[in-house]
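Novice: Per my numbering, the sequence shown starts with residue 1, numbered consecutively.
Keep in mind that the hints were calculated from the coordinates and are not lab data.
With a cut-off of at most 30 Å between alpha-carbon atoms, the simulated DSS-like pairs for lysine-lysine come out as follows:
| id | residue 1 | residue 2 |
| --- | --- | --- |
| 1 | Lys45 | Lys25 |
| 2 | Lys8 | Lys45 |
| 3 | Lys25 | Lys8 |
Pair by pair, the computed Cβ-Cβ distance ranges are:
| id | residue 1 | residue 2 | range |
| --- | --- | --- | --- |
| 4 | Arg417 | Gly78 | 29 to 35 Å |
| 5 | Ala394 | Asn450 | 21 to 27 Å |
| 6 | Glu120 | Thr272 | 43 to 49 Å |
C-beta: ideal position from N, C-alpha, C; glycine also.
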Amino acid sequence: MNNDSSSKIVTALRTWVAGAPAGAKLPSTRSLVSRYEASPVTVQKALRTLSGQGLIESRPGVGTFVSAVRIARPSDFGWQTAALGTPRNRLSSWSTTMRPAPVDAIALHGGYPDRELLPERLVRAALARAGRHDSALTRSPVSGLPELQSWFASELAAATPIGVTQVSASDVIVLPGSQSGLSSIFRALVTDGRPLLIESPSYWGAILAAAQAGVRLIPIPTGPAGPDPDEVARAFEETGARAFYVQPNYANPTGTQWSPGTTQRILDVVRTYGAFLIEDDWAHDFGITTDPTPVAARDDDGHVVYIRSLTKSVSPALRVAAIIARGPARERISADRAAASMYVSGVLQTAALDIVTQPGWQTHLRGLRIQLRSRRDLLADSLEKHAPQAHLTALPPGGLNLWVRLPDTTDLPAFTRECEADNVLIAPGDDWFPAEPTGPYIRLNYSGPNPGAYQKAARVIGRALERSGG
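Model the full structure from these sequences, guided by the hints.
Specialist: Set out below in C-alpha cells:
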C-alpha cells in the first residue's frame, strides 16, 4: 500500500469536503480510483482516515456523505471542583523534563538517554522472543517472574561483602517502573502525615510521590560527598522520622556519589534510630569513572529498602524495576503493590530478563560508559568555554546530568524562556528542591540527542546569562 498516495487522496478529499454542503454525497469508490489513479485499497484507506476525523460518514447500501458540522461549545466542569474539594497538594503531575522537544531543538532538559545509547538490537530481539514465550498468554506471579527475581537478587548479592547476609529471590518485588515503587514504599513504610527525610536537592519524582502519599518531607542538605551524617542524626532525633530517601550513586540531579565513609556513617545512624534507608539506585548502569556501590549490599538486618530500575538503561518502553526488602517491610510493600497493579506484564519481564542475561548486555554497558564520558566532558568543556558564568558544582562520576549553579541575580524563569526562544531546552532546578530552592540552578542532560550541538547550546546559555547581568 502506498502511504504517500493515500495521504494525497486524503488532502484532496478534505479540500472537497470543506467546500461541500453537509449531506453531500461523495463519488463512488470506483470513480475515486479512476480520478486519482489509485488502487481500491488505497482509496478505502483514505476514506477510513476521513471518517475517523469525523468529516465523512458511511451509510451502508447508500453511499458516503459529508458529515453535518458539529458546533463546538465550551464544556462546564465547574461542578467537579465542588465534588473534589481542595487538592492535597498543588504539584504538577509532571516535570519540565517530560516535555516533548521540537524536532529542531537542542534538548538538554530530558531525563532519558538518547536512542543511540540504548541496546536497540538486544531490545528488539528480546521482545520478539518474548512474544513467543508462554508469558505472553499467562498471568505472572504478583512478585514477579522467579527467574527475574533471582537476577535482581544475584546482582546485589555479587556486591555484598563476605560476612554480610545476602538477599534472596524471595526478597524481590518486580515493578512496572520505579516511580510506582516509590509511591508504594512511602504509603507502606512512612504513611500519611508522617515525616520522611530526603536529600536536598533530590529527584523530583520522589518529591511528587511523597506529596501524593501525604508524606511530610524534611530536607537534608547534600554536598559533593553526600549529606552530613551528623545532620541526618539530628533530623532523625528532632522529627521522629523513621525513613530517609536517598540516591547514594550518581544522584539525580547532582550526579553525586557518596564516599565510603559517608555511606558507613549514615548506615550506622539509620541503625541507631531504628529507621529505614530507602535507596534509589536509578543510575546503577551509568557509572563513568567509578562503579556503583549499593548501600544495600552492606545491610543484613533489613534497614535498607533498595530500588533498582532498568527503564533508563534498557528502554523507556520497557518499564521494569524491582524493590528488594526484607521482613515485615517487604510484606507491607507487597500488599500495596498488589492493590495498586496486581502484577507486571509477563512479556515485559521476560524481555527484560532476556536482555540483561545476554553476553551483549555487558558489552553494551562497557561501550555506554565510554560514550557517556565523552558526552559529559564535551558539555562541561563547552560550558566552561562559552558560559563561564555558569558554575558546574562538580564533574559527576556517573549518571546522566550536570548540575549547574547560575549567578544569584539570574531570573530563572526568564532565563529559561530566553534559552527556549533560541531553541535550547533546559530544566530549571527548582523542581528538585523539596523546600525553597537554595539558589538558581539548572540541570543539563548530556545523554540526549545531538551532542554535536553542545557548543551551540553553551553559547546560547552564555549569551542569555550576559543579557540577564549574570
